[in-house]
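Visitor: Using the hints provided, position chain B relative to the given structure of chain A.
Residue numbers (my numbering), protein chains in the order written: chain A, 1 to 517; chain B, 518 to 859.
By construction, these hints were calculated from the structure, which means they are not laboratory data. A couple of the hints might just be wrong.
[Unchecked claim] Simulated crosslink set (DSS-like; lysine-lysine; CA at most 30 Å straight-line): (1) A:LYS268 with A:LYS506; (2) A:LYS362 with B:LYS652; (3) B:LYS652 with A:LYS58; (4) A:LYS385 with A:LYS291.
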Amino acid sequence: MSAKEYSEQASGRFLELRNIHKRFGGVHALRGISLTLDLGEAYHLLGENGCGKSTVIKIMSGALEPSDGEIVLDGQTFSSLSPIQSLAAGIETVYQDLSLLPNLTVAENVALNEQLVSANGRLVRLFDRSRLRQTAERALAMVSLPTDRAFLGTTVSDLPLATRQLVAIARAIATRAKLVIMDEPTTSLTRREVDNLIKVVERLRSENVAVLFVTHKLDECYRIGGHAVVFRDGQCVAQGLIEQYTKKELTELMTGRSIGSERYRTGKPAEAELFAASGLVAPGVHDISFKVRKGEILGITGLADSGRNELAMAITGIEPASGGTISLDGRKVAIRRPADAIGHGIGYVPEDRLAEGLFLDKSIFENEIALILTRLSNAFGIIDKNKGRAIAARLSEEMRLNTKNLDLPVGALSGGNQQRVLIGRWLSIAPKLLVLHGPTVGVDVGSKDMIYRAIQSLAEAGMGLVIVSDDLPELLQNADRILVMNSGRVVAEFEAERATEEQVYKAMLTSELEAVQ
Amino acid sequence: MSTSRIDGLSENTSRSFSFGDLVRRRPETITFMLLVAICVIVAIVNPAFLQPSTLIDIGRASVVMGLFALGVFIILAAGGIDVSFTAIAAFTMYSLTVLVLNNFPGMPMAVIMLIAVAGGALLGVINGLLVHHLKVPSLIVTIGTQYLFRGFLLSFIGTVWIMSLPPQMGAFGRMPLFQFESANGALVTLPVYFLILPLAALVTWWILNRTLMGRAIFAVGGDANIASRLGYNLRTVHVFLFGYAGALAGLAGIIHVCANRQANPFDLVGTEINVIAAVVLGGARITGGTGTVLGTILGVLLIVVINSVLVMVGIPSTWQRLVVGSFILLAAAFFVTRQRKK
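So that you can see chain A by itself, here it is in the shape it has in the complex (with noise of 0.2 Å):
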């Protein structure tokens, strides 16, 4: 769909992004975006998850380097932004992780950057108290936060995160801001929170600053009304005023994906119930009660801040759950660490594979064999190898590695082939039910086919897996059941055979006060 038209005044221009790329190494995150902000106006930029979101704003505030494309920034061209000239020229971002620096006050974090800027970076300067204080005072009241001195000496670590969201805005208009990014910021503030924030918008607007929201709550854009940026695939798909479209438009917009649509699942899932969590309390997540039978595949979703996360960490020992019960071939186990999740047989693979699995300097073999040292060793500990080899080679022709040999270090292969080794591992203990938490990201076109054929025969196998993904094509192509998270509890369930994407991202949006009704 071709960008809609809509009256813009140039004299408002503040900047105007020319045909940006941006590549990582073999991925192309941005294929030629080209996006004009206006003073004054809100924009809400709107998109699946790595759609090119984030990466945009990073240009936009100096933290990346476009690989082609112009920035125009009140007239000037630039090839890229320093993040010191992106804030000398008034570019404001309050990053998801809110960016705040947790050792300092609140005050500092609100106000010093003030300084710092009008400093144009230089280090070598007077550090003003009074001034501080004065610039924390005045940005704090705009956000509706306590100005005494208590508040404004409290280091940032000790306030609760809603606390810290509103001190991570108040920085962003701390200083005189043309331009306010402000990436998912409701997230974790309750109802009276954003309309608060709402207002705080209408406020900077008023001043003829503009606002640039990134976000998945699309009833607060239409809230906040002005233009919809709508991404996809690193590209911008349309462009236009927010009343123009449709929600269910905007969500098309969103997901209208048509590629690699066809259905993996092949079996069923056997009669008998394989494993049980009723009334589960977690960090993030609320009495949550869900069943997965012998052979099943059920796939759970939700925005990143839903519980989904902390309902796989709790399932698997990782972050235990503090209230509720777990069952398994009926009986009731106590899961309060990774290792009893691993003794009842509950495997993880976890999301950040390299981070939380794989020993990348290590073999193949020396990462398949991982969790079955104390079964492979003897009497003296001496571990039996060539058993091992055995085990790791039947394990990664099951995982249809695309190599045979056993000794290459696990970090010469691509993150699909490494996927299936961490896969391949936990199949090595024979687990009976197999957590996968975002099993294809940043994998490949053809390693997700071999992934998903791998997961399809393990299920028929008898083996139960629960998909923890925000990839909803995945979900639909591979699970019997999707259960649907917003606000740590279970909103929705869909039989995969049957649900659209469009349904199911529609369940994910569902606000806060829809969930509890």
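Guide: Same frame as chain A, now just chain B:
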């Protein structure tokens, strides 16, 4: 609901300070209390402790370690660690002594100190550039440069123990700030060089608390990636940090020579852990971003007092390490449980 939460927040922060709060905000309180406790106990067991001569000894002994500790603290505040400062000190003090002895015997003391500071800063800047550009943890870089600086010193400058210093250096080491005769008739001197420590502490405090550089150092110690995203220039911060610590080390080196009236190229290296221990006892977290100059100085005093007074209460000096070790563990455990209770 949100307003009540925020009200509760300000109520929470403005609540009257409990002792636990104080310790959490100013961990050096514990250091101070330990120091006072030790002094009281020692003074009770052996009143000789309170004689001016003992106190002056402690003051003298804390100068070199204190200068080192300030350097370590400022690097720790930025989330790094330095173990090469003793090698920098040894390198500057010995090379400079050799240089003055052989080539410029008439060089005034002020110039000697200036060169020591500049030389130390230069070696420190090398550390800073390596840390920044290699993107290797500063611990590894400074282990490397410690060997490098020391190896260069011993291979190319010399290994001879210099017993007779250039006269101006010896004189500086003896120059009294004030002098008096103690009860037993011995002459007690507080040397002028003692003043350098409070001066350096003041300058360090001023840089950390009154300049943007100082705030940048803590910002980098909080989270280097975020700091860089906010526009802090990491290269400038790294170069300044290590340069400043190097300058302090150079200064410490030359004072060490003057105070001991000899220049031994094998001196100093090996005392790094002692200094890092003092800084950590002063409440700075090894992970960076916290700590105060006052705490650092208290930590140094604590270690110096332990090292010099145990003998006075009849505890063998071999026990020093035992005591220092248990204090570090105690203090660390205390800080950590305070953090958790929060």
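Visitor: Does each hint fit the structure? Answer for all of them.
Guide: Consistency of the hints with the structure:
At roughly 27 Å between alpha-carbon atoms, LYS268 of chain A and LYS506 of chain A fall within 30 Å of each other, so this suggested pair holds. Our distance criterion of 30 Å between C-alpha atoms is met by LYS362 of chain A and LYS652 of chain B, whose separation comes to about 23 Å. Annotation: proposed proximity of LYS652 of chain B to LYS58 of chain A holds, straight-line Cα distance about 22 Å (limit 30 Å). Distance hint between LYS385 of chain A and LYS291 of chain A is unfulfilled; the C-alpha atoms sit about 39 Å from each other, more than 30 Å.
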